[in-house]
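J.: Chains as they are written, first to last, in my numbering: chain W, 18 to 367; chain B, 18 to 367; chain G, 18 to 367; chain X, 18 to 367.
It should be emphasised that the hints constitute simulated quantities derived from the structure, not laboratory data.
The model shown is predicted, which means the values in this text are computed figures rather than measured ones.
Since no wrong hints were added, every one of them can be taken at face value.
The list makes no distinction among identical chains, and a pair is therefore deemed to hold if it is satisfied within one copy or across any two copies.
DSSO-like cross-link-like pairs, simulated, lysine-lysine; straight-line CA separation at most 30 angstroms:
| hint | residue 1 | residue 2 |
| --- | --- | --- |
| 1 | LYS152 | LYS238 |
| 2 | LYS351 | LYS202 |
| 3 | LYS315 | LYS326 |
| 4 | LYS152 | LYS211 |
| 5 | LYS211 | LYS238 |
| 6 | LYS152 | LYS326 |
| 7 | LYS315 | LYS351 |
| 8 | LYS326 | LYS351 |
Spelled out, the chains give:
Number of protein chains: 4
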Amino acid sequence: MAANFGSDNITPACEAVMQALQDANRGTAASYGADDLTARLRTRANELFETEVAIFPVTTGTAANSLALSQIAAPYGAIYCYEAAHIVTDECGAPEFFTGGAKLIGLASADGKIRPEQLTHAFGFADEMGVHHVKPAAISLTQATEWGTVYANEEVAAIGALTRQRGLKLHMDGARFANALAYLKCSPAEATWKSGIDVLSLGATKNGALCAEAVVFFDPKLADDFERRRKRAGHLWSKLRFLSAQLLAYLHEDVWLENARHANAMAAALSARLREVPGARLLHPVEANEVFVEFPEKTVAALESAGFKFYRWPLHVSESGVAVRLVTSYMTPKADVEAFIAAVRHWSVA
Amino acid sequence: MAANFGSDNITPACEAVMQALQDANRGTAASYGADDLTARLRTRANELFETEVAIFPVTTGTAANSLALSQIAAPYGAIYCYEAAHIVTDECGAPEFFTGGAKLIGLASADGKIRPEQLTHAFGFADEMGVHHVKPAAISLTQATEWGTVYANEEVAAIGALTRQRGLKLHMDGARFANALAYLKCSPAEATWKSGIDVLSLGATKNGALCAEAVVFFDPKLADDFERRRKRAGHLWSKLRFLSAQLLAYLHEDVWLENARHANAMAAALSARLREVPGARLLHPVEANEVFVEFPEKTVAALESAGFKFYRWPLHVSESGVAVRLVTSYMTPKADVEAFIAAVRHWSVA
Amino acid sequence: MAANFGSDNITPACEAVMQALQDANRGTAASYGADDLTARLRTRANELFETEVAIFPVTTGTAANSLALSQIAAPYGAIYCYEAAHIVTDECGAPEFFTGGAKLIGLASADGKIRPEQLTHAFGFADEMGVHHVKPAAISLTQATEWGTVYANEEVAAIGALTRQRGLKLHMDGARFANALAYLKCSPAEATWKSGIDVLSLGATKNGALCAEAVVFFDPKLADDFERRRKRAGHLWSKLRFLSAQLLAYLHEDVWLENARHANAMAAALSARLREVPGARLLHPVEANEVFVEFPEKTVAALESAGFKFYRWPLHVSESGVAVRLVTSYMTPKADVEAFIAAVRHWSVA
Amino acid sequence: MAANFGSDNITPACEAVMQALQDANRGTAASYGADDLTARLRTRANELFETEVAIFPVTTGTAANSLALSQIAAPYGAIYCYEAAHIVTDECGAPEFFTGGAKLIGLASADGKIRPEQLTHAFGFADEMGVHHVKPAAISLTQATEWGTVYANEEVAAIGALTRQRGLKLHMDGARFANALAYLKCSPAEATWKSGIDVLSLGATKNGALCAEAVVFFDPKLADDFERRRKRAGHLWSKLRFLSAQLLAYLHEDVWLENARHANAMAAALSARLREVPGARLLHPVEANEVFVEFPEKTVAALESAGFKFYRWPLHVSESGVAVRLVTSYMTPKADVEAFIAAVRHWSVA
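Let's have the full structure, built from the sequences with the hints guiding it.
T.: In structure tokens form, the structure reads like this:
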């Protein structure tokens, strides 16, 4: 079968996670999070983030993001983010649903990162408009970004400073947080609350879990009543131990980072090799596990015919070629990279 | 360890379900439901219900109920149900959240079943009030009910007839549908669409799944856009195969019914033996896997001290004693029943 | 034309209010509440309530109630009230809409008043249920009640004490607040914040305004961001001076109380005379401007045929007769009372 | 007092409207729209639009827009509009609130008009994204636009054709519909349903009413249940005759168009004269009653110091000067235009 770079969500659970599920599947356990595994997850999260956090397992990234945002933005609030952020284009209005109607205000960006000066300008506009405009409430950053780039901690911190100055809250959509962290080579604390993040959507499903994400508040007081928000969204599992078990295994020692490092390495390998291929144009620095590359239409068509899986990327429009997204995962074989590069070379020359 | 009759959600996944998860955990698969297991689940559902249905796996019963209701009730709609239905008291306002504000109108009932004449009366009131009142939209029945009783198919059909006559929709909260079916000894079709049910929340978690429920529409056209409702609620799994796999295993041949039969048999055994115990008063016929029984306070306290797990039931208030709920499950050992009865006898005599 | 006791909302604006509108209709004025009349209304409200309040004019009672409730109840909150309160039966789900899905929990009552012990019991149930149940947030009283009775200040205060004890908020639906006040013969302060009310829906439309109500917060800090709630509900008038003008004229000296006293007097006259009519049965003490009375069906039919206007009241079901509601207003002529009583006597004898 | 070009909502009601309110203020009338004036408004609307319409008076433009949009866009729907449309920037999230979370997707435009090809592109993106993206539901045009330009009927019709082709609905925010119509010199029918408009927010407040707008559906079937949406938003007046009376007077013969023609003429006069002033730069064609003009900062500051009222316009950023918005109304005196031009000339020369 030809290589599949369609997404990192086509993967199964990694071995450690599946084993943890089997181990958890013994005997009865208290429901709704009163079990031992959930308690242990709390301890592990505190240790990992080097501070007391409030962690809530949920089952999808959309739920994690939307629940997190609903906690920090009033229904009449404004949430500032990249204009093509996942929460804007890929969640079917979930943030609006969960917040009760808050408005996502999209900011333009070439590389998926938003900048402090854009926020300052947007706040100025909101101030001019007063009661007629939604009230600045929160900012959401995606880490790694939708274009496979990674915010430096200083970049996050600059936005964090602005956020605190206005009394707003800063959310990080960390669907690929592990990949970003593997790139940044810093501690989870440095990449989050030490840089001003108030609440993190901690992804795991794309990087080795079966169906587990978590919402992490770095100030537990900010999580007041969050339990009820999760419950009324149908996201409180009765057998919660099975979400906690996944996350515990995922965050055990370096499991998650090892997974991410492999995915990143495969993306780096892809991009390094693509740089040498005539006709291939990398659109962004490859800092996590996504490669955005432009090929001539005939190359893309040939790759598709040959059975390679990936997405033509609708957000990049170009006259010179077609943009495609290649995503690597914790289990992408090196051979897939080689096979793909060989095919690209073949069709580029042809 | 003393017997635990706290709930059927304290159980692990049954063997068939856990095996199915492991089997599904091989290689990559298309995400968001474009996988083979989800396709097979659709086929199995059609076969099981003897008609073409639209089935959507989700991860909790609250999600199943609320998504189903949001599909059939406008934000200005009225949903009629038992006044202490799970959707009223136990879902933290999820139905209101998902429907955008529809009103649950609770009807009194001694045994958890609502009656056609109550609905006729309620519709008459709505008609008198006109635009000032929420608009009758849907009816929700719980099967088995919150008091462990089971609607006869004729009882459902009578409400179904009324529902269709008014142009409304009929929902069944089947968190314990398997237990009801095991009691009714009829086909799934007879217990649902043949009796007028439009949409079913098909429970599996309490009866052997790890985290799987499903919303089943008996007219696929009624499911228009339901995909988007599920997505924007954060209930579309990227690795959906793992929900489908659970449901497939659960609905394979008689797995689900065998599980339910065992749970029901244990509840029947409990109630049969309790009938002989002086001081124990059964509050309702035991038709599924829940036993509601009143004991003197000192008996309850003694059972608790002895380590037995169950809930004092807040909805039943009595001067003569304390109501407790005992729930059996697919894995309740016969020995637990015996141990409990022995203890009750001991403390009743004492 | 025969007398019309259908409602107090069939009336035009009283003279003082209409004159104020004409006076306000001169020259330009700052929009959205930055005008002089709105400033003067604020001053008048502070004076009237003997404390610094935050007052927000709106255009309907439904808007006033729902906006007020949305300020004090989270989307996952519970609002306790009489089970047939106007907010439950007559506002088409507006409270659920504005709050984003909070649940109204209706308490039974013969006379429309709820009691502290009912609340204590309901809170106990909520505490047992924990995260699965909506969170107690607010209590709403209707003054005068839906049955034309009036809470004594002590009755309000007892609920107010309980409210504060739990950290909840207390709302008063004062659609007929002036009628209640005229009955209570106390100060507006005594009837509200001094008895524990946090926010009042101050009605004016039924008692002489054209289209004006107000939301009054007795702690201005509780009104944070309320401006934005009003705006996003489409209830911030650009020409707000025309709402403020009505309220200023209405609350000028005793205009509102004089109007209410007349309405109450007419209701009192009706009830006094009805007490002497054989076959008429008063259902509740008449303390404001509504009379609920039961007649034999033939009397009701005859009155209707004779052209009298009133409503058969669907919430009271009796085998002995038909309940009707008679509402008097600031402009009900004494002659209408006489004509109605004469007709009743005539048909009762016949 | 210096001239006030701040907005057209600083005006009082015009004479005809105020007279109608006084005339309506006699005797009792059936409430909630069962009165004669409301019936007459329906007849007048049918006549005016040359087809059977469903017309619903409401009290603000925000309410009209949001209620209209909630009728044609599901909570998971997309509404396409100009990126700085009033519904996006000036209504504090009301469309999101009323629709239950639909997403406004803003399209760039220099002159406030959106183009069919932008919509085609946006629909293509939505199709690519499938269930992960909000579902195309509606398009909203502002007429006259936020930049004082007016869509030609052909421009509307081209969008209308595209709308019908996709099975979507087309809304017109006609807060300044009269001004647009006065410019277009066509019939109300031609400017709306004959060009593909499904629902119109018909403004009146800015152009002579006290507090009246209307939602007009050109296919009455599209208005199913709209009554309940209006009610639950607190926008059904009990004394609805007073809204209907305003609209009847406003739409009587040419009252509304005469008002608009005057406003437009004053704006035209302003722009004609400004064109001759060195240093003044008109930013857009002046087709309705708004003039957007750029002056040097010192001119703007001087005009402000002299007491002239207008807004610096935050949406236009320029290094060469400051953009201001001048709005004329039905009662703008010619002398105000002259005085303003004289002042501009004075300060431009200085």
